[in-house]
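Undergrad: Spelled out from the first residue to the last, the chains are:
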Amino acid sequence: MEHTLESLEQEHHVGGGRKEIWRVTIILTVFTLIELALGVWLMNLEEGEGAQLTIDFIKGVIVIFMLAKAFYIVGYFMHLRHELRNMIMTIVVPLFLFVWFIIAFLADGNSFKNNKNKYDAGHKARSEEKMPKHEPQEEHPLH
Amino acid sequence: MMWYFLMSDAFTFGAFLISYGTTRFATNQWPDPYAVFRSYPFGGSHELPLVFVSLMTFILIISSVTMVLAVHEGHYMNRKGVAKYLFLTILGGLAFLSCQAWEWTHLYHEGAWWGRNPFPNADGTVSTTNFTNFFFTITGFHGFHVFSGVVINIIMLIMVLKGVFDRRGHYLMIEKAGLYWHFVDLVWVFVFTCFYLI
Chain W
1 MEHTLESLEQ EHHVGGGRKE IWRVTIILTV FTLIELALGV WLMNLEEGEG
51 AQLTIDFIKG VIVIFMLAKA FYIVGYFMHL RHELRNMIMT IVVPLFLFVW
101 FIIAFLADGN SFKNNKNKYD AGHKARSEEK MPKHEPQEEH PLH
Chain B
144 MMWYFLMSDA FTFGAFLISY GTTRFATNQW PDPYAVFRSY PFGGSHELPL
194 VFVSLMTFIL IISSVTMVLA VHEGHYMNRK GVAKYLFLTI LGGLAFLSCQ
244 AWEWTHLYHE GAWWGRNPFP NADGTVSTTN FTNFFFTITG FHGFHVFSGV
294 VINIIMLIMV LKGVFDRRGH YLMIEKAGLY WHFVDLVWVF VFTCFYLI
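Heads up: the protein sequence lines correspond to chains W and B, in order.
The first sequence runs 1 to 143 under our numbering.
The second sequence runs 144 to 341 under our numbering.
For the record, the hints were derived by calculation from the structure and aren't laboratory data.
Heads up, some of the hints might be wrong.
Said to hold, decoys possible - These stretches of chain W come out as covered by chain B in the derived footprint (C-beta under 8 angstroms, 3 or more residues): (1) 23 to 32; (2) 62 to 74; (3) 111 to 120.
Unchecked claim - Here are the simulated SDA-like pairs of lysine to any residue, each with C-alpha atoms no more than 20 angstroms apart in a straight line: (4) W/Lys59 x B/Trp173; (5) W/Lys130 x B/Asp266; (6) W/Lys113 x B/Ala265; (7) W/Lys59 x B/Ser197; (8) W/Lys59 x B/Val194; (9) W/Lys124 x B/Thr268; (10) W/Lys124 x B/Arg167; (11) W/Lys19 x B/Met220; (12) W/Lys116 x B/Ala169; (13) W/Lys130 x B/Thr272; (14) B/Lys319 x W/Ile91; (15) W/Lys116 x B/Val269; (16) W/Lys113 x B/Ala169; (17) W/Lys59 x B/Leu193; (18) B/Lys319 x B/Ser291; (19) W/Lys130 x B/Ala178; (20) B/Lys227 x W/Thr25; (21) W/Lys113 x B/Arg167; (22) B/Lys319 x B/Ile205; (23) B/Lys319 x B/Phe287; (24) B/Lys319 x W/Leu84; (25) B/Lys227 x W/Trp22; (26) W/Lys59 x B/Thr165; (27) W/Lys113 x B/Thr271; (28) W/Lys124 x B/Thr166; (29) W/Lys124 x B/Trp173; (30) W/Lys116 x B/Asn273; (31) W/Lys118 x B/Ala169; (32) B/Lys227 x B/Ala238; (33) W/Lys118 x B/Arg167; (34) B/Lys223 x B/Thr209; (35) B/Lys319 x W/Met87; (36) W/Lys113 x B/Asn171; (37) W/Lys116 x B/Trp173; (38) B/Lys319 x W/Ile88.
None of these values were measured; they are calculated from a predicted model.
We put the beta carbon where it would ideally sit given N, CA and C, even for glycine.
Taking the hints into account, I'd like the entire structure generated from these sequences.
TA: The following block contains the structure:
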């Protein structure tokens, strides 16, 4: 570990300083507020039933904001954007495995569900049973 | 080295979240998060979804900001500034942990725990225990990271106050602790979205 060399270079990858910190803070706050607003929209939509396409669309937009927040945290708070290019690549390139990982596994889960519904009639019937109505209204100190 | 540790940790969390996603995709119905997470302390029987968890999210974002400021002061070798912002970061971490402790206690009293799920699916059908198992495992694993982050920050604060970094001539150690802390915040961004919003 070349600490002396690192600390010399530190001056160069400090980045935009305080101004940048506040800018990123405001961006993160605004993104979170947008996510929450979308969540409230989603919540009120679900009472109306149907509209599956709208629900999926809103969820997609939330995921995009989530990834944008991740970019700002890693890039600015964790300074990755101000590191050396090769350093950035050794971190970011392995993470691309997640692209395959997510697509493959979610597709697998989805096909498992479809096959089970198609070939296991009992499973489908069981998953349509309504939950018996009994509200567990026990007394407890923390509510 | 911290970066490579965090990368491996990212894969651990990624594997958890993806197995959660796979299970959700493989299940016909799932509980509605807005119906499950809707209580907050001192709220009595009032129910407001999202309020409490947004508070937790903002606490963690703010503590991340104070951590950046501590690292920033470290660049200028300002011992008092680093100590002040590190202290605020520790407070933020403790506040987050208390929120999570309250939420877990509340859910436990509602009958939810590993292997027990009192919540029906969004359409009123019987749900599996996958929902609570994943929730408690993943938020628990994240909470454990927050806890160790707080411990690391406390050690850093003690070292700062003793002047260890002034003698060493640089505050790089604070930067490494900061990386870990931001990673904890980063993971929460994903956990928050996957469990409470979607």
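Undergrad: Against the 20 angstroms threshold, does the CA-CA distance of W/Lys130 and B/Thr272 hold or violate the hint?
TA: It holds: about 16 angstroms lies between the C-alpha atoms, which stays within 20 angstroms.
Undergrad: Keeping to a limit of 20 angstroms between CA atoms, is the pair of W/Lys59 and B/Ser197 held or broken?
TA: Satisfied, since the Cα-Cα distance of roughly 17 angstroms is no more than 20 angstroms.
Undergrad: Quick one, are W/Lys118 and B/Ala169 close enough, alpha carbons at most 20 angstroms?
TA: holds (13 angstroms)
Undergrad: Can you confirm whether the C-alpha distance between W/Lys59 and B/Trp173 stays at or below 20 angstroms?
TA: holds (15 angstroms)
Undergrad: Is it true that the CA of B/Lys319 sits at most 20 angstroms from the CA of W/Leu84?
TA: holds (17 angstroms)
Undergrad: Checking one constraint from the list: CA of B/Lys227 to CA of W/Trp22, max 20 angstroms. Satisfied?
TA: Between B/Lys227 and W/Trp22 the Cα gap is close to 18 angstroms, so the pair holds against 20 angstroms.
Undergrad: How does the stretch 23 to 32 of chain W fare against chain B when you require at least three residues with a CB closer than 8 angstroms, holds or violated?
TA: It holds, with 4 qualifying residues against the three required.
Undergrad: Take the C-alpha atoms of W/Lys130 and B/Asp266, compute the straight-line distance between them, and say whether it is at most 20 angstroms.
TA: holds (8 angstroms)
Undergrad: Holds or violated: W/Lys59 with B/Leu193, Cα cutoff 20 angstroms?
TA: holds (15 angstroms)
Undergrad: Does B/Lys319 pair with W/Ile91 here, judged by a C-alpha cut-off of 20 angstroms?
TA: holds (16 angstroms)
Undergrad: Within 20 angstroms, alpha carbon to alpha carbon, are W/Lys19 and B/Met220?
TA: Satisfied, since the Cα-Cα distance of roughly 19 angstroms is no more than 20 angstroms.
Undergrad: When you check the alpha-carbon spacing of B/Lys223 and B/Thr209, does it fall within 20 angstroms?
TA: Since the Cα atoms of B/Lys223 and B/Thr209 sit roughly 14 angstroms apart, the hinted pair holds (cutoff 20 angstroms).
Checked against the numbered hints given earlier, this structure breaks none of them.
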